[in-house]
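> Chains A and D supply the protein sequences, listed in that same order.
Position one of the first sequence corresponds to residue -11 (the numbering used here), numbered consecutively onward.
Position one of the second sequence corresponds to residue -11 (the numbering used here), numbered consecutively onward.
These are calculated hints, taken from the structure and not from any lab test.
A few of these clues could be false.
Since the list gives no way to pick one copy over another, a pair counts as held whenever it fits inside one copy or between any two copies.
[Said to hold, decoys possible] Simulated crosslink set (SDA-like; lysine to any residue; CA at most 20 Å straight-line): (1) 148 / 127; (2) 40 / 101; (3) 114 / 236; (4) 75 / 97; (5) 114 / 324; (6) 75 / 278; (7) 332 / 260; (8) 332 / 42; (9) 40 / 2; (10) 75 / 99; (11) 332 / 29; (12) 75 / 277; (13) 100 / -2; (14) 75 / 124; (15) 75 / 123; (16) 32 / 100; (17) 40 / 99; (18) 114 / 131; (19) 32 / 2; (20) 114 / 201; (21) 100 / 87; (22) 114 / 303; (23) 114 / 126; (24) 32 / 150; (25) 100 / 86; (26) 148 / 323.
What follows is the residue order along each chain.
There are 2 protein chains.
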Amino acid sequence: MARPRPRSGPTMHDVAAEAGVSQATVSLVLNSATGSRFSNDTRKRVQDAVQKLGYRTNAHAKTLRDGISGIIGFLGDAVATAPFAGKIIEGAQERAWEDGLLLLTMNTGGNKALEAASLDSMLSYKVAGVVYAGMYHRRLDVPEALMGVPSVVLNSQDRKLRLHSVAPDEELGGLTATRHLLNAGHTRVAMINIETLESELPAAVGRFRGYTQAMSEAGLDVLPELVRFGRGNEEDGFTHAMDLLTAAQPPTAIFCANDRTAWGAYQAAQELHLSIPRDLSIIGFDNQETLAQHLRPGLTTLELPFVEMGRRAVDLILRGAEPDGQVEFITCPLIERNSVTHPKEKP
Amino acid sequence: MARPRPRSGPTMHDVAAEAGVSQATVSLVLNSATGSRFSNDTRKRVQDAVQKLGYRTNAHAKTLRDGISGIIGFLGDAVATAPFAGKIIEGAQERAWEDGLLLLTMNTGGNKALEAASLDSMLSYKVAGVVYAGMYHRRLDVPEALMGVPSVVLNSQDRKLRLHSVAPDEELGGLTATRHLLNAGHTRVAMINIETLESELPAAVGRFRGYTQAMSEAGLDVLPELVRFGRGNEEDGFTHAMDLLTAAQPPTAIFCANDRTAWGAYQAAQELHLSIPRDLSIIGFDNQETLAQHLRPGLTTLELPFVEMGRRAVDLILRGAEPDGQVEFITCPLIERNSVTHPKEKP
């Protein structure tokens, strides 16, 4: 098997000439953490020149020379094969590469023997750290071997609260979603959840807590007849929305705890000849990229911050990732489209 | 950094006892390529016992002992971060693990410096081979370094026809889709493509060739007014379907060259109060998992064989992957749901 020879590529001098700046500027832009001492224009010119010439920074060159110290392991139960959650890897990799490190990804599909083999293999490469990622937000049993290397639990929580975890702020998301409907003037606000509360699924429990908190802030009771529990799919969204909307006192707005449930609610509204948002406001959760923006009208929803979470986990590894047992919650931003407006008339 | 110690796990004896079979049977089931000498029941019992006890086969143990020979590299431009295409990784990994090998995945996002660093790193690990995967089916420029190691191009084609490539059979897919509509009795069959033919996108070119071949087989002309070119999104599917369906002689069936286009055509049918499939038959392509099965009615479509392609690429690496320049096309299976029926009346 041939080993590639080191290539002599473009130099920092070449980048400076291409960008029309000094070598010192190139060096500072590429090696400072934020590059914030320079204008956006200068930084962009340097980055464009780096891209165009295929220049590698010292950190990148060091990765190639040493081979063994510039790698962060990313161990996912199935994260790379779950639609959308792949954005977590995108964020993690982007952040690693900014410091000249590579992200080595292995997926286990939940197979414990494969997980052990993957982890052993990563540790034998002397990775700088390991990101241990869950496919969806839940409490995970973390392999013992992670205790010997800087590690972060991502998109999930270490059940034993030993490692630092990075997870979406479900409760704040639920609060934000419900407040958005209340602020538009709705008072009969229903929620269709994605699981029962007994499931202890952080998304189901947290989003519901946010809903109840927002209702309480507004001085409104949480009415049992306005809260439904589906399984997070279109079918259940359809069934529960039909049921809610054909009741004697239907809601004027529904917080659907994920976008697929919201899609089902759209189909129910269509079946009942209700126009969204004129007759019914709907807000979702997830900002699922192949769905939310393509519904008619576009779905207002909360975004799962995959890219930011991935970046943050690698950032923590680069800083040594103390196993402090803390769960760090990342905000889910509100994405406004056209599915929410004020109610037709105050009930 | 702590190195994990080899663990003393369950033995083959333990597996045999758990499964209620002899050690020889366990060995043969686990080490033969297909295990086909035994009944499904016996194989399942052995596999369940392996799973339950967390037993590692010799191949798996060897991977852990040697560390360097049991790894296949998977280099993707963005495949792990593209929705759905992650199934390619699932298939590749599943096949590798059957032989006790790990799949080491790195994504480059199309960044050539990152690609070179990732590949150098993989080669320094002395991987058994490299799968070079494209996010979507196209002709790729393959890095020179791949010539020194068993390599396969996956979900794309080596532009220079040096490596072996594994790609979806777009033309057969287009033929199958169109024949399915013709066999139901349609004669005015439109196609909304996902790109112009000048794009040279294999999916657009191949699926269109399949359409024209099926029409020709049936003795039908390809009418320019029945062929449209969108960009593969809902919006274009909607616009072109509206246009086709409001013409003087509308089609009774539309072959949409991807599922997102088909979703747009569904929305157009709804706008025009046409019922699918009673008034209009629609067939899609891709079998996008968050979309096709959830449309009302469920969308009949062709499936991109991600899992099978991933398995096949690893299979080729395990056999040495001769660089024969061939493109191996994998069949896209027809997935029948409820969007196709016979036309209301013969035109």
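> If a hint holds in the structure, say so; if it doesn't, say that too.
Hints, verified against the model:
no., hint, result
1, 148 / 127, "within (9 Å within a copy, 48 Å between copies)"
2, 40 / 101, "between (43 Å within a copy, 10 Å between copies)"
3, 114 / 236, "neither (64 Å within a copy, 69 Å between copies)"
4, 75 / 97, "both (18 Å within a copy, 11 Å between copies)"
5, 114 / 324, "neither (44 Å within a copy, 49 Å between copies)"
6, 75 / 278, "both (13 Å within a copy, 16 Å between copies)"
7, 332 / 260, "within (17 Å within a copy, 27 Å between copies)"
8, 332 / 42, "neither (57 Å within a copy, 60 Å between copies)"
9, 40 / 2, "within (11 Å within a copy, 59 Å between copies)"
10, 75 / 99, "between (22 Å within a copy, 16 Å between copies)"
11, 332 / 29, "neither (48 Å within a copy, 62 Å between copies)"
12, 75 / 277, "both (11 Å within a copy, 17 Å between copies)"
13, 100 / -2, "between (45 Å within a copy, 13 Å between copies)"
14, 75 / 124, "both (13 Å within a copy, 17 Å between copies)"
15, 75 / 123, "both (11 Å within a copy, 14 Å between copies)"
16, 32 / 100, "between (45 Å within a copy, 18 Å between copies)"
17, 40 / 99, "between (42 Å within a copy, 10 Å between copies)"
18, 114 / 131, "within (17 Å within a copy, 27 Å between copies)"
19, 32 / 2, "within (16 Å within a copy, 61 Å between copies)"
20, 114 / 201, "neither (46 Å within a copy, 56 Å between copies)"
21, 100 / 87, "between (31 Å within a copy, 16 Å between copies)"
22, 114 / 303, "within (18 Å within a copy, 29 Å between copies)"
23, 114 / 126, "neither (28 Å within a copy, 36 Å between copies)"
24, 32 / 150, "neither (41 Å within a copy, 37 Å between copies)"
25, 100 / 86, "between (32 Å within a copy, 14 Å between copies)"
26, 148 / 323, "neither (34 Å within a copy, 44 Å between copies)"
The structure fails hints 3, 5, 8, 11, 20, 23, 24, 26 (numbered hints given earlier, in ascending order).
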